[in-house]
Amino acid sequence: MSNTAAISVSDLTKQFGDFTAVDAITFDVKQGEIFGFLGANGAGKTTAMRMLCGLSLPTSGKANVAGFDLYKESEKIKKNIGYMSQKFSLYEDLTIRENNRFYGGIYGLTDQQIKEKTQFMLKHLHLESKADTLVKALPLGWKQKLSFSVSMIHDPKIVFLDEPTGGVDPITRREFWTMIYEAAHRGTTVFVTTHYMDEAEYCDRVSIMVDGKIEALDTPAALTKQFNAKGMAEVFVQLARKAKRSDN
Amino acid sequence: MESAVKVERVFKNFQSGKTQIEALKDISFEVGRGELFGLIGPDGAGKTTLFRILTTLMIANKGNAWVDDLEVVNDYKEIRKRVGYMPGRFSLYQDLTVEENLSFFATLFGTTLEENYELVKDIYVQIEPFKKRRAGALSGGMKQKLALSCALIHRPSVLFLDEPTTGVDAVSRQEFWELLRKLQLQGITIIVSTPYMDEASLCDRVALMQDGRIMDIDTPKGITQKFSKPLWAVGAADMYSLMNDLRSDERVDTCYPFGQYHHITFAEVNQEIQGIEKSLVDKGHTNLSIQKIEPTIEDCFMELMNQ
Amino acid sequence: MKQFFYFIRKEFYHLLRDRRTLFILFGMPVTQILIFGFALTNEVKNSRIAILDNSKDEATTAIIHQLEASRYFDIVENLNSYAELEPTFQKGQIRLAVVFPEQFQNSLLHTNAAPIQLIADATDPNVANTLTNYASAIIMDYQNSMKETQDFPYTITTELRMLYNPQLKGSYNFVPGVMAMVLMLVGAMMTSISIVREKELGTMEIILVSPIVPIRVIVAKMVPYLLLSMVNIASILLLSVYVLDVPIHGSLTLLVFECFLFTLTALALGLLISSISDSQQVAMLVSLMGLFLPTIMFSGFMFPIENMPIPLQVISNLVPAKWFYYIVKDVMIKGTGLETVWKETLVLLGMLIVLLTISIKKFKVRLE
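Protein chains in written order, with our numbering: chain A, 1 to 248; chain B, 1 to 307; chain C, 1 to 368.
Treat the hints as calculated values from the structure; they're not laboratory data.
Each hint should be verified, as a subset may be incorrect.
Stated by the list, open to error - Quick list of in silico lysine-lysine cross-link-like pairs, DSBU-like style, CA-CA up to 30 Å: (1) A:Lys-244 - B:Lys-81; (2) A:Lys-79 - A:Lys-30; (3) B:Lys-131 - C:Lys-199; (4) B:Lys-62 - B:Lys-81; (5) A:Lys-242 - B:Lys-77; (6) A:Lys-136 - B:Lys-62; (7) A:Lys-225 - B:Lys-131; (8) B:Lys-81 - B:Lys-6; (9) A:Lys-242 - B:Lys-6; (10) B:Lys-182 - A:Lys-244; (11) B:Lys-6 - C:Lys-329; (12) C:Lys-362 - A:Lys-136; (13) A:Lys-62 - A:Lys-136; (14) B:Lys-18 - C:Lys-334; (15) A:Lys-244 - A:Lys-230; (16) C:Lys-45 - B:Lys-62; (17) A:Lys-30 - B:Lys-283; (18) B:Lys-77 - C:Lys-45.
Said to hold, decoys possible - With beta-carbon atoms standing in for the labels, derived distance ranges: (19) B:Gly-17 - C:Phe-26: 41 to 47 Å; (20) B:Lys-81 - C:Pro-247: 53 to 59 Å; (21) B:Asn-64 - C:Lys-364: 45 to 51 Å; (22) A:Lys-79 - C:Lys-364: 48 to 54 Å; (23) B:Pro-230 - A:Glu-182: 25 to 31 Å; (24) B:Asn-61 - C:Ser-235: 50 to 56 Å; (25) B:Asn-61 - C:Phe-26: 47 to 53 Å; (26) A:Ile-106 - C:Asp-278: 26 to 32 Å; (27) B:Ala-237 - A:Gln-119: 44 to 50 Å; (28) B:Lys-226 - A:Gly-108: 52 to 58 Å; (29) B:Lys-292 - C:Asp-278: 35 to 41 Å.
Said to hold, decoys possible - Quick look at which bits of chain C chain B covers, simulated, 3 or more residues with Cβ under 8 Å: (30) 12 to 24; (31) 302 to 310.
Quick caveat, the model's predicted, so the values are computed rather than measured.
The beta-carbon is built from N, C-alpha and C at its ideal position, and this holds for glycine as well.
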């Protein structure tokens, strides 16, 4: 983990009419950090993440993602980030190779690069024999690991993970987190949004959003200490119970 | 203890293209009346299929099951009057209001909200302020409470909840489990499934399911007591190289990342901890902490998976 | 019974709250009728024609007056010589020229045979054909009126009569067609979508697990769309009678009964589709490709069935819309009664019974 910021956000705000979905949030994510971005349903997590991915323009505030300005260079940002979620992943009716080719093509990789990447990925995941298998025929755990690899096919500087390991068996889940550790070790910044606190505990630092604001930001250990709690779940519940708009 | 649900050697296969999928392989268990029973396992373990067989929506290939001493195939009509069911991904009618959803499900089961108000009171007071709102405009937590009310409205004797807490935030999950405890006090048998291991400790008894099989059934305490070896939690500043170092150490049997720590077991039951600590320090690890811990359900689940 | 009524009420909530779909459902028949009635017509109106009258006598003047009075023609050019014909056509100013020879009235009175030349721009052969037919009909009319006033005992005239639709109105043909289309679409597609949506939502599982009898679920799903279809029938009929001047010659009661029967058949088809589809898209696609297209192609409303190859003619017998289209044409336009359409009615009834039985049997009490 180095000290250069991969994501740098100050007073970032998003308003929908009278409603302030994201209310002047300020934080930095270091390069190679695993950063947990937590919040209750409706706290503004999704809106904030959409802005960081360049999918929605902020109302005010500043942000720099992967070295690019959010307002002026959103297209460059998109080239330098990867995205994976439990819901959106691979095309079930394409084979592993075809999925790679497609996503590699989207990010402008050459055929040679795609070939090499695919070879490397299959070897790494021990899936060489499954290269031409339809994705839907693979077990869920494999799909999850595979879609993480595909989201990294263009060596993004930052990868956004949206509830990446929900519903996966505990061993596969560990394998998945090992992959995330490896990616972070190689210098990729990992930005995880989740409302599962055990996922949060894997992160280097976590922020917790309540009613559009970041109410806490620190390492899981420091937060549990600060809130005199047994784990992140307790920290989260203490903070989120204060929320006024969770049911709007 | 009289049984509310009894399952005897149930098998269920599906045809998917050319391949046969064995969704359930030889499942047997009993749930006592008034029990809060958890089916714990990842997606694809067979939890939903088991629920569908018990709620008479599917027929097993082999074996039999009883709900309230009624046989699930022949007495399906009678069972349907007595069970409450909240399917996974259940989202109610988005275009009906809270009130309309409730009264629809009430009339479907031949009752009214007033008749069983006592039972759903605790939940209903929380959603009542929004009763004129359409279900589609409710938050995740509120939708889940509304769905629970709908499943409860006819005062079922057995309540089946398929992954009710998936996709819901930590606060709502906690409140939901508190509600289930209150319902249990009213004498309702509750069978709930979840992929989240940490929810297992909230049940009276749990069945750990993986790949169509039940690996173990016991009280949460009973399960953690069966863990075969002493378990240690190790933490350091650089968790990734700590994991690599531990995994390459011959004395270490298993090493799994567990949030802020790695949980490890040793090949030798009486492994001396100083030696391990020293070699980690020698490798340059800082902020090192090693402590013996009680295993969690998740530790046990992984041990069972490896057997 | 309360269950059942509440179920119907719930269906109405769904229907009434989905404003956009509702708007389409009510708007569709109206727009279709209007589009077919005014825009997509194969009738020809106000066609620009030229006259080359080399005779300029009483008879030609009378015929020209009649041509001018008809709503089909607009005389834009009076030519003086054959030489002017070609350029006028080439400039695209006219589609038809009527040429009277010299001594027209004379020849007519004495030899009883006077030729009139009709020259049409046949780049669009259908239009050319229609125009010459209209013009001949008008000329024939004049000849007939002559026959009445002046006594020609042995004059042989070609008789051209357009049966049931003397003005050759296209609306006589498409009103029954649009009815078949709209009823099939609303009935089959909307019913199947509304059932499949419950599967997608997961509410179908709860409904199945509840004590409600499946047949009540089915009927409750059908009632709102049956009513909606009846409203659509009313709006189509009102528009046809008052806007398009298509009269209802036969019994209204019989007509409504036949519509009712056809709607039920469509609903039963929708039910059948819902039992084989798992998503709303599939249900929609199956309804469109499997029902809507055959309704257009095989009802006889767009393409005459007699001209089709035998295998297609056989297939057309399986399309309920074909029978419905016959019935509506007979009852509404020809004004005949049950005595002529009882066979077709029985076919529809038979289809309904078979479809309903299959779909009720196929409606599962379980998930597989």
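Here's how the hints hold up against the structure:
1. A:Lys-244 - B:Lys-81: 39 Å, violated
2. A:Lys-79 - A:Lys-30: 19 Å, holds
3. B:Lys-131 - C:Lys-199: Satisfied, since the Cα-Cα distance of roughly 25 Å is no more than 30 Å.
4. B:Lys-62 - B:Lys-81: Judged against 30 Å, a Cα distance of about 25 Å means the pair holds.
5. A:Lys-242 - B:Lys-77: 46 Å, violated
6. A:Lys-136 - B:Lys-62: 27 Å, holds
7. A:Lys-225 - B:Lys-131: 40 Å, violated
8. B:Lys-81 - B:Lys-6: Holds, at about 18 Å.
9. A:Lys-242 - B:Lys-6: Violated, at about 43 Å.
10. B:Lys-182 - A:Lys-244: 25 Å, holds
11. B:Lys-6 - C:Lys-329: 64 Å, violated
12. C:Lys-362 - A:Lys-136: 29 Å, holds
13. A:Lys-62 - A:Lys-136: The given pair, whose Cα atoms are some 41 Å apart, is violated under the 30 Å limit.
14. B:Lys-18 - C:Lys-334: 57 Å, violated
15. A:Lys-244 - A:Lys-230: Measuring from Cα to Cα gives roughly 25 Å; hence the hint holds.
16. C:Lys-45 - B:Lys-62: 74 Å, violated
17. A:Lys-30 - B:Lys-283: Holds - the C-alpha atoms of Lys-283 of chain B and Lys-30 of chain A are around 25 Å apart, at most 30 Å.
18. B:Lys-77 - C:Lys-45: Since the Cα atoms of Lys-77 of chain B and Lys-45 of chain C sit roughly 67 Å apart, the hinted pair is violated (cutoff 30 Å).
19. B:Gly-17 - C:Phe-26: 41 to 47 Å: 43 Å, holds
20. B:Lys-81 - C:Pro-247: 53 to 59 Å: Given about 56 Å between the Cβ atoms, the range holds.
21. B:Asn-64 - C:Lys-364: 45 to 51 Å: 21 Å, violated
22. A:Lys-79 - C:Lys-364: 48 to 54 Å: 50 Å, holds
23. B:Pro-230 - A:Glu-182: 25 to 31 Å: With a Cβ separation near 29 Å, Pro-230 of chain B and Glu-182 of chain A satisfy 25 to 31 Å, so the hint holds.
24. B:Asn-61 - C:Ser-235: 50 to 56 Å: Cβ of Asn-61 of chain B to Cβ of Ser-235 of chain C: about 53 Å, so the range 50 to 56 Å holds.
25. B:Asn-61 - C:Phe-26: 47 to 53 Å: 49 Å, holds
26. A:Ile-106 - C:Asp-278: 26 to 32 Å: 30 Å, holds
27. B:Ala-237 - A:Gln-119: 44 to 50 Å: 35 Å, violated
28. B:Lys-226 - A:Gly-108: 52 to 58 Å: 54 Å, holds
29. B:Lys-292 - C:Asp-278: 35 to 41 Å: Violated, since Lys-292 of chain B and Asp-278 of chain C (Cβ atoms, about 52 Å apart) do not stay within the stated range.
30. 12 to 24: holds (count 4)
31. 302 to 310: violated (count 0)
Comparing the model with each earlier hint shows violations of hints 1, 5, 7, 9, 11, 13, 14, 16, 18, 21, 27, 29 and 31; every other hint is respected.
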